[in-house]
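Novice: As a plain string of letters, each chain reads:
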Amino acid sequence: MARAVTTKRKSINTALAWAVGLLIFFPILWTVLTSFKTEAQAIADPPIFLGFDWTFENYSTVMERSNYMRFLWNSVIIAGGSTILGVIIAVPAAWSMAFVPSKRTKDILMWMLSTKMLPAVGVLYPIYLLFIRLGWLDSRVGLVIVLMLINLPIIVWMLYTYFKEIPGEILEAARMDGASLKEEILYVLTPMAVPGIASTLLLNVILAWNEAFWTLNLTAAKAAPLTAFIASYSSPEGLFYAKLSAASTMAIAPILILGWFSQKQLVRGLTFGAVK
Amino acid sequence: MGRIQLKQITKSFGNVEVIPPLDLTIEEGEFTVFVGPSGCGKSTLLRLIAGLEDTTSGVIEIDGADATSLAPAKRGLAMVFQSYALYPHMTVRKNIAFPMKMAGMDQAEQDKRIASAAAALNLTDYLDRRPGQLSGGQRQRVAIGRAIVREPSAFLFDEPLSNLDAALRVGMRMEISELHKKLETTMIYVTHDQVEAMTMADKIVVLQAGRIEQVGSPMELYRTPRNRFVAGFIGSPKMNFIEGEEAAKQNAHCIGIRPEHIDVASEGASWSGVVGVSEHLGSDTFFHVHDTGLADTITVRADGEVGITSGDRIYLEPRADMIHRFDDAGLSL
Chain A
1 MARAVTTKRK
11 SINTALAWAV
21 GLLIFFPILW
31 TVLTSFKTEA
41 QAIADPPIFL
51 GFDWTFENYS
61 TVMERSNYMR
71 FLWNSVIIAG
81 GSTILGVIIA
91 VPAAWSMAFV
101 PSKRTKDILM
111 WMLSTKMLPA
121 VGVLYPIYLL
131 FIRLGWLDSR
141 VGLVIVLMLI
151 NLPIIVWMLY
161 TYFKEIPGEI
171 LEAARMDGAS
181 LKEEILYVLT
191 PMAVPGIAST
201 LLLNVILAWN
211 EAFWTLNLTA
221 AKAAPLTAFI
231 ASYSSPEGLF
241 YAKLSAASTM
251 AIAPILILGW
261 FSQKQLVRGL
271 TFGAVK
Chain B
1 MGRIQLKQIT
11 KSFGNVEVIP
21 PLDLTIEEGE
31 FTVFVGPSGC
41 GKSTLLRLIA
51 GLEDTTSGVI
61 EIDGADATSL
71 APAKRGLAMV
81 FQSYALYPHM
91 TVRKNIAFPM
101 KMAGMDQAEQ
111 DKRIASAAAA
121 LNLTDYLDRR
131 PGQLSGGQRQ
141 RVAIGRAIVR
151 EPSAFLFDEP
161 LSNLDAALRV
171 GMRMEISELH
181 KKLETTMIYV
191 THDQVEAMTM
201 ADKIVVLQAG
211 RIEQVGSPME
221 LYRTPRNRFV
231 AGFIGSPKMN
241 FIEGEEAAKQ
251 NAHCIGIRPE
261 HIDVASEGAS
271 WSGVVGVSEH
281 LGSDTFFHVH
291 DTGLADTITV
301 RADGEVGITS
311 GDRIYLEPRA
321 DMIHRFDDAG
331 LSL
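Protein chains in written order, with the numbering used here: chain A, 1 to 276; chain B, 1 to 333.
No lab work stands behind these hints, which were simulated from the structure alone. Quick caveat: nothing in here was measured; it's all calculated off a predicted structure. There's no promise every hint is true.
As the list claims (entries may be wrong) - Here are the computed lysine-lysine pairs in the BS3-like style, where the Cα-Cα straight-line distance is at most 25 Å: (1) B:LYS74 <-> B:LYS101; (2) A:LYS182 <-> A:LYS164; (3) A:LYS8 <-> A:LYS103; (4) B:LYS7 <-> B:LYS203; (5) A:LYS182 <-> B:LYS7; (6) B:LYS203 <-> B:LYS182; (7) A:LYS182 <-> B:LYS203; (8) A:LYS164 <-> A:LYS103; (9) A:LYS182 <-> B:LYS74.
Chain B with its partners taken away, still in its complex shape (with noise of 0.2 Å):
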C-alpha cells in the first residue's frame, strides 16, 4: 500500500500558478524526495498531496482511489511538520495518542503501539513529559512517533530537519532512514538541502517554479543532469558553468564540469589561474581559483593535505568524460 500518482495537477493562489499542470508517480515503499530552492512549490506539492490545501484542478490517487477531495485525515497518510506541531497541553504520551484517540481506537492496542513507537524512537523515559521540556531532536521523535502509530500507508516529511543543530540533523537523517528501511513505507520528504536529497532519496524530484525538471535516481541526477538547473542544484560544491570560446570549442553553448572532476596539474594543462580562497576540510580542500579567463570563479576538490596556498598559479585539467554539455535553453546536449 502506499503508490501515489498525481494526474495533471495544478494549484493556483488568486491569479497566481504556483504549481502548472504536473504528473507525478511515487511507487509503493519509495524514499522520495522533493527537492528545489525556496519558493519552488515543494511544500505546496506535499500538502496537495495531505489534502491541506485543494488542488485547483487535476486528480490525486492514492493505491489506485481518487483522493482528490478526500479529507486529510481519510487519506491515510501522516505528515511530520517542520515545526513538528505537537500539542503543547498534552504529554508525549498523549500526543503520539492523540491520532489514535480520534480514531476511536480501543485502549489496549493503543497503549501497545505508544510502548513500541516509544521504545523504537528512545522515547520511554520521556512519556509523561509535555513537548515544552524536550530538546529539538526530542520533539522531532514525538512527531515521527505520531505518524508511526497511525500505521499510515505513507509518511510526509515537511522539512523536518530544518529546525535541528547540524550533528544532530545528520543523526536524524541516518534515523529517518533506517525507518524507511524498517517500515518499508512510502515516504515523501520535502527539503531544500540537497545533501539530505542525494543522502535518503531512493527517487529525487528537483523543482523549480512549480515544474518538474528532473525526476530520478541520486546517482541518475548526479552523472545525467537534464538541464543545467538540476547540474547546479545536485551536487555540493555547484558544478563550474563556462560559456564562450571554452564551450564553443566543446560545440556548446555552456559547459559544465563538477569540482571533483578537475585535477590539479602540472604547467602545461589545459586551464591555469590563481588561488584565491582555499576551504580545508581535512580530508578535501576547495579552491575558488580566479583568473582563469573561463568564469569568475572555477570551483576545485583536491586533495586535503595538497600544498597550495592562496595566492599560487594553478594548472587545472577537467577530465574530458566528465563534462557535461548545454545547449543555450540549458538543456543537456
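The shape of chain A in the complex, shown without the other chains (with noise of 0.2 Å):
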C-alpha cells in the first residue's frame, strides 16, 4: 500500500534535505569565499561570512607565485590518460567476467577489489623503489599507470555490474542475426552500455583528478599536478588561508564544473544496481 505523503511531512523532508545538501556543500562554499577575503579577514575570529572586501588578489597572487596552466595540465594528462587506458584494459575484462564467466570470476573479482583495502601506504616503499628503477619518478607516465593501477579494479568492478545487467539473450540474438563479435560490441553492446561506461569513466576522472597520495609522494615538479599545486600553499612558510582557499578553488573548479554538467550520468553510475 502506498503511504499517504502529506504537505506538512513534505516540506519537513524538503527542509532536512536541504539542511544535509547545505552541510555538505558548506565546506566548498566556504573555501571559495575566503578565498576571496584578505589573509587577515581569513583566519578572523569571530569568522566573517560575507561581509568582507572581496578581492581577487590572492588569484593573482598564486598565479604570479605558481605556473597555475602547468599543474591543470598534468591534472588533465593524469587523470584522463589513467581514466582512457583503465578503460581499454577494464572494457575487455568486464565483457568476459560478464558473459563468459568461469567458476573463478567471483573469486577474481573479490580479489581485485581486495588491493583496494590495503592501505597505500603499505606498497609506497616498493613502488618508490620501482619507480626509481624505471625512471618514472616525477613523470607523467609513472603517475598515468599507478593511478591507472588504482583505480582499475573500481572501472572493472563497474563496467562488470553494467555489462551483467545486458541480458545475453540480446547478444545471442545478435550472434544468430549474424553480427560478428565486432558488430556485435559496435551495433549492440556499445550502445546499450554507453550510459555505464560514460558514468565509468566519468567516476574514474574524479578519482584520479582528486588522488592526493600518490601524486604528492611521486612527483616534486615536472609531473606534479593540481593536488600538488594546492599543497604547496599549506607550506612550512606560514599559514596563508586565504591563498590556499584560491589555489584550492582553481583546483577543484575543472572538476566540479564537468561533475555539474554530468550529474545525471553520474548519479545513475552510482546507483545503477542498487535495485534490480
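Dock chain one against chain two, each of which comes alone in its own frame, and use the hints as you go.
Specialist: Put into C-alpha cells, the structure is as follows:
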C-alpha cells in the first residue's frame, strides 16, 4: 500500500534535505568565500561570512607565484590518461567476466577489490623503488600507470555490474542475426552500455583528479598535478588561508564544472544496480 | 529446405551429461515441438541446433550438410527467444532490419521485406517505436518479424509465449500456427506446456532428462504412449495411474486411464468413491474422487451440467478399451 505523504511531512523532508545538502556543500562554499578575503579577514575571529571586502588579490598572487596552467595540464593528462588506459583494459576484462564467466570469476573480482582494502602507504616503498629503477619518478607516464592501476578494480567492477545487466539473450540474438564479435560490440553492446561506460569514465576522472597520496609522493615539479599545487600553499613558511583557498578553488573548479554538467550520468552510475 | 538431422549428439556441462547420445530427424516443413518438464534439456537441444552451444560429440546436419561447427549465423536458422531479445536502443524497423543489415542486403530489398513482415504481423503502425513502448504481444511479433525477414530454412522458438498472459498466449499460438501454414518452413518449438505442444505440433518430441521418451504426432502420443512418463505428460488433466490389485487383474504392474475415459455410472459400477474438489469449467466438470481404494485421487471428466457436488458418493465405470497397461519398468504393455 502506498503511504500517504502529507504536505507537512513533505516540507519537513524538503527542509531536511536542504539542510544536509548545505552542510555537505558548506566546506566548498567556505573555501570559495575565503579565497576572496584578505589573509587577515580569512583568519578573523569570529569568522566573517559575507561582510568582507571582496578581492581577487589571492588569485593574482597565486597565478604569479606558480604556473597554474602547468599543474592543470598535468592533472588533465594524468586523470584523462589513467582513465582511458583503465577503460581500454577494463572493458574486455569486464566483458569476459560478465558474459563468459568461469568458476573463478567471482573470486577474481573479490581479489581485485581486496587490493583496494590495503592502505596505499603499505606499497609506497616497493612502488617508490620500482619508480626509481624505471626512471619514472616525477614523470606523467609513471603517474598515469599508477593511478590507472589504483582505480582499475573500481572500473572493472562498475563495468562488470553494468554489463551483467545486459541480457545475454540479446547478444545471442545478435549472433543469430549474423553479427560478428566486432559488430555485436559496436551495434549492440556499446549502445546499450554507453550510460554505464560514461559514468565509469566520469567517476574515474574524478577519483584520479583528486588522488593526492601518489601524486604527492611520486612527483616533485615536472609532473606535479593540481593536488601538489594546493599542497604547495600549506607550506612551512606559514599558513596563508586565503591563498590556499584560492589555489583549492582553482584546483577543484574544472572537475566541479565537469561533474555539474554530467551529474545525471554520475548519479545513475553510482546508484544503478542498487535495485534490479 | 530445412531438414535437420541430429546424429548421436551429446552435450555435457563439466561432468554433467545433460544430453546423452541422441538421434532425431526433423523433416522439411515440419512443425516439431520439444516438450518436457523444466530441466529436461529441451532448450539445450534447441541451442545446440542453433549453434549457441557447442555439441560435446555427434553431428548436426542441416539439409544434408554438416553444420556441427558452423557459427550460429551461418546455419540459416532464425531464433525467437523467450525474452524476445529485441535491441532496446533500436526502433522496431531497425530491429527487423538488423539481420539484413548484417547480411549486407541492399536497402530496397530490406524495405520491401520489412513492409511485408510488418503487414503480416500487424506492426506497420509501430515501426518507428522502440521495444520499450510496445506490449508483450507486440514485442513477440517484432521478434518473429526479425526472424521472418531472413527467410531462414528453419525457425527455432524457445518458449516464446511463456511471458504472455493466458488470453494473448492462445492468440499468438494461432498466429504462429497460421504463419507455419503460410510459410511452410520447418519450425522447432520448445515448450513445457503440453497444451501448446498438442495444439501446434505436427510432431512432438517428449524429452526427459535429456533423453527422447517418444516421438510422434499429438494423437499418437495421446492414444499410444510408449511409457508411463509420456502417458502422464500428454493430456490434461493428467492420466490416472492405478497400481496394485486392480492393475494385477489386468496383468499389469500399473494401469492408466484418462479422466475423459471414465464414465459416471450408477450403483453397481466397477469403482466408487467420494467426490472431493470439483472444478466446474462450464463445458466440463472435473471431479477429484477419493476413497476409491485404487489411488489417492481419481480424476474424472464429466458433463458440465452433471448434478454432483462435493461429498457425494459417485460410481465410476472405466472404458475397458481405453485402459493403458504398464509393466514394472513403466513401459507400455
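Novice: Against the earlier hints, flag every one the structure doesn't satisfy and list their numbers going up.
Specialist: As far as the earlier hints go, 3, 5, 7 are violated by this structure, in ascending order.
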